[in-house]
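Asker: Below are the chains, spelled out letter by letter.
2 protein chains.
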Amino acid sequence: MSWQLTEDHLEDLARGAAVLGTGGGGDPYVGRLLVRQAIREHGPVTVLDPDEVDDDALVIPTAQMGAPTVVFEKLPSGREPETALAALEKHLGVRASATMPIECGGINSMIPLVVGARTGLPVVDADGMGRAFPELQMETFGVYGVPGSPMAVAGEGGEVTVIDTGTDNRRMEWIARGVTIRLGGVAHIAEYSMSGADVKRTAIPRTLSLALRVGRAIREGRGTDPIACLAEALRETLYRDLRVLFRGKIADVERRTEAGFARGRAAALSFDGEHKLELEFQNENLVARVDGEVRCLVPDLICVLEAETAEPITTETLRYGQRVTVVGISTPRLMRTSEALATFGPAAFGLPHEFRPVEDIVPAAAQG
Amino acid sequence: MSWQLTEDHLEDLARGAAVLGTGGGGDPYVGRLLVRQAIREHGPVTVLDPDEVDDDALVIPTAQMGAPTVVFEKLPSGREPETALAALEKHLGVRASATMPIECGGINSMIPLVVGARTGLPVVDADGMGRAFPELQMETFGVYGVPGSPMAVAGEGGEVTVIDTGTDNRRMEWIARGVTIRLGGVAHIAEYSMSGADVKRTAIPRTLSLALRVGRAIREGRGTDPIACLAEALRETLYRDLRVLFRGKIADVERRTEAGFARGRAAALSFDGEHKLELEFQNENLVARVDGEVRCLVPDLICVLEAETAEPITTETLRYGQRVTVVGISTPRLMRTSEALATFGPAAFGLPHEFRPVEDIVPAAAQG
Chain D
1 MSWQLTEDHL EDLARGAAVL GTGGGGDPYV GRLLVRQAIR EHGPVTVLDP DEVDDDALVI
61 PTAQMGAPTV VFEKLPSGRE PETALAALEK HLGVRASATM PIECGGINSM IPLVVGARTG
121 LPVVDADGMG RAFPELQMET FGVYGVPGSP MAVAGEGGEV TVIDTGTDNR RMEWIARGVT
181 IRLGGVAHIA EYSMSGADVK RTAIPRTLSL ALRVGRAIRE GRGTDPIACL AEALRETLYR
241 DLRVLFRGKI ADVERRTEAG FARGRAAALS FDGEHKLELE FQNENLVARV DGEVRCLVPD
301 LICVLEAETA EPITTETLRY GQRVTVVGIS TPRLMRTSEA LATFGPAAFG LPHEFRPVED
361 IVPAAAQG
Chain U
1001 MSWQLTEDHL EDLARGAAVL GTGGGGDPYV GRLLVRQAIR EHGPVTVLDP DEVDDDALVI
1061 PTAQMGAPTV VFEKLPSGRE PETALAALEK HLGVRASATM PIECGGINSM IPLVVGARTG
1121 LPVVDADGMG RAFPELQMET FGVYGVPGSP MAVAGEGGEV TVIDTGTDNR RMEWIARGVT
1181 IRLGGVAHIA EYSMSGADVK RTAIPRTLSL ALRVGRAIRE GRGTDPIACL AEALRETLYR
1241 DLRVLFRGKI ADVERRTEAG FARGRAAALS FDGEHKLELE FQNENLVARV DGEVRCLVPD
1301 LICVLEAETA EPITTETLRY GQRVTVVGIS TPRLMRTSEA LATFGPAAFG LPHEFRPVED
1361 IVPAAAQG
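As they're listed, the protein sequences go chains D and U.
Position 289 (the first sequence) corresponds to 289 in the working numbering; numbering is contiguous.
Add 1000 to the 1-based position in the second sequence for the working numbering, that's all there is to it.
In isolation and in its complexed conformation, chain D is listed as follows (with noise of 0.2 angstroms):
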């Protein structure tokens, strides 16, 4: 079912496409200004289940690229999310029927949201990561044999570029990083245009209504245990399983930008001092030890929260002494299978450990 998205689901979907960020994926706060600007402007947002869109209709995803370190600092200003959609219409001879996410985490749960408010395009309620990722190759579209070539990339000077590598998307994101660097470091995309059929075969399913169920569920858990709130809301999603990996101190945090990304590493105590938890990041978390031992790895989620309310802490705002509970949660099948973690699983980011999923590794007795 089709349902309209308001300004009063803002704050939660914002919350949650934080945790589902899993530290990276841009700030959705500064991306929550911008919708409820332009749904102040131009009314609500229509979301359509992946289900309802015809199979023959073209969908164009949008998003923002770029570090997160950046993305803080420099506020999207003006048109340029439409401004790479219609350029890659032109460019393909054909109008959108919808818009839709290519990553649920962070700030691109948001821009395509904006680009529905403004032009009245429907956003389906899907995406291409099921979190959020650094590379644009990094997509189950991808994976599943949906291109991102032709991609459009628009700068805020109105700089509109068009690159097509063909079915090589690394290829498509080693050069649209390079523009993007050259756009001042943030810029925003049209890519990975598809067919309905497309959608339903490839997109990880209802990943914006999870982002609001995520955050509704630890806004209502406050004052009792919204980490038990949270379990709860996912155990009927495809992310059925979350495992708490840790509760401490944030010890040590250690960040830099480096080729476009925010790389570095940050380490926990436990509040009795006896036990390490350590992350490492590429604007995501990747992997989380526990006194040297794995306990959850990429695609699943490795999420720092506040221990208190539960508010999502990204890795651009990890300062010592906070006090933090980590969760891992388990991601859909769809992005587990071998061909998603060639694209997205550990070795992809030169990490040498074999992903083993956080529900196996991390028994549900065993938590805590």
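Think of the hints as simulated: they come from the structure by calculation, not from any bench.
On a predicted model such as this, the values are computed, not experimentally measured, just so you know.
Incorrect hints may have been included.
Stated by the list, open to error - Some chain U residues close to chain D (C-beta under 7 angstroms, calculated; not the full set):
(1) 1160
(2) 1161
(3) 1163
(4) 1164
(5) 1175
(6) 1323
Stated by the list, open to error - Computed far set for chain D versus chain U, every beta-carbon distance over 12 angstroms:
(7) 119
(8) 158
(9) 253
(10) 265
(11) 333
Don't be surprised by glycine CBs; every beta carbon is placed ideally from N, CA and C.
Following the hints, put chain U in place on chain D, whose structure we already have.
Answerer: Just chain U now, with coordinates in the frame of chain D:
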């Protein structure tokens, strides 16, 4: 009158293009091999006088982009120039009637001939620099109102990028340079698409013929006085005045590849050791000073020629101990207007000098 360019023209053309390259422009001898092969496979190239191009015809110039230092080591192997042309035609939704050089100096005198031989398109005998320049906004086309955008960039892996920065040709250069660096330092481009009427209004006319004439005069003058023969050949062209700026031996060369360009300086001492020449270059020679006094300034041509044969020497092949004659050559009026000088005069390269025509700085009687 249109004429057929055959393999027999290539030796003179390459030499002349190297002279007009004023030290840069990429090695035309490499381009010559490509044209020779294309002519052997497909037959001669039709060269069109600009006066013969219909006012309504669409002309799309083609070229190579990249630092000469890289170009020298990385031959274009495939169909990149035609790929760029075809991508721009597709983007515009129109087929080109002809191609044209964007610069008549260096390898870019040759690339449109490769395209002409392979596709059967005629090549217009004109260009947008009247020499070689390091950046894409430095074209008379742009100076007189033809936008470079949209432009197409093709890489050797079949990657195609279309860039549109409206009327901002400097921004186009900036983004295209970033794409070219990501493509490995060299790419092929199609840009400044224009009508035949715009060719007649904005291009420097008959510069392929000019290169051929320059190369032939030097060859025919060997044994007697190739510099005098070159001066004589230029007298009837738009490049009327040749001045000998210096004769001596190269004493020092300093060269680096930086941000995609070859930058540096060179010095020569006169044979009697009494006088010193200094050259500064960014791909091309920008200023020649003798004993600290400016003798010739961009956009006028500063050409380093081997002392005995008048064979042109690029900045890439300048070596300690070479015996050279350095000449200055006046450029057409279209390249010396205030609009033109704002785009590619001394100030555009950060030089502190006001432009003065070489024939005014060095009176005919005083040369040698």
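Asker: If I take the minimum Cβ distance from residue 333 of chain D to any residue of chain U, is it greater than 12 angstroms?
Answerer: holds (33 angstroms)
Asker: Restraint: residue 1160 of chain U near chain D, CB-CB cut 7 angstroms. Satisfied or not?
Answerer: holds (5 angstroms)
Asker: Take a quick look at residue 265 of chain D and tell me if its Cβ sits farther than 12 angstroms from every Cβ on chain U, holds or violated.
Answerer: Residue 265 of chain D clear of chain U: closest Cβ-Cβ about 28 angstroms, beyond 12 angstroms.
Asker: Does the nearest C-beta of chain D fall within a distance shorter than 7 angstroms of the C-beta of residue 1175 of chain U?
Answerer: Since chain D brings a Cβ to about 5 angstroms from residue 1175 of chain U, closer than 7 angstroms, the hint holds.
Asker: Quick one, is the residue 1164 of chain U hint okay against chain D at 7 angstroms, beta carbons?
Answerer: holds (5 angstroms)
Asker: Report holds if the minimum CB distance from residue 158 of chain D to chain U is greater than 12 angstroms, and violated otherwise.
Answerer: Since the minimum Cβ distance to chain U is about 6 angstroms, residue 158 of chain D lies within 12 angstroms and the statement is violated.
Asker: Regarding the hint that residue 1161 of chain U lies at the interface with chain D, is the smallest CB-CB distance below 7 angstroms?
Answerer: It holds, given that the least Cβ distance between residue 1161 of chain U and chain D is near 5 angstroms, below 7 angstroms.
Asker: With a cut-off of 7 angstroms on the beta carbons, see whether residue 1323 of chain U makes it to chain D.
Answerer: Violated, because the Cβ-Cβ distance from residue 1323 of chain U to chain D comes to roughly 43 angstroms (cut-off 7 angstroms).
Asker: Per the stated criterion, does the least C-beta distance between residue 253 of chain D and chain U lie above 12 angstroms, as a non-interface residue requires?
Answerer: About 31 angstroms separates residue 253 of chain D from the closest Cβ of chain U, which puts it past 12 angstroms; holds.
Asker: For the hint on residue 1163 of chain U, does the least C-beta distance to chain D fall short of 7 angstroms?
Answerer: holds (5 angstroms)
Asker: Find the nearest Cβ of chain U to the Cβ of residue 119 of chain D and say whether that gap is larger than 12 angstroms.
Answerer: Nearest chain U Cβ is 20 angstroms from residue 119 of chain D, so the label holds.
This entry does not satisfy hints 6, 8, going by the numbered hints stated previously.
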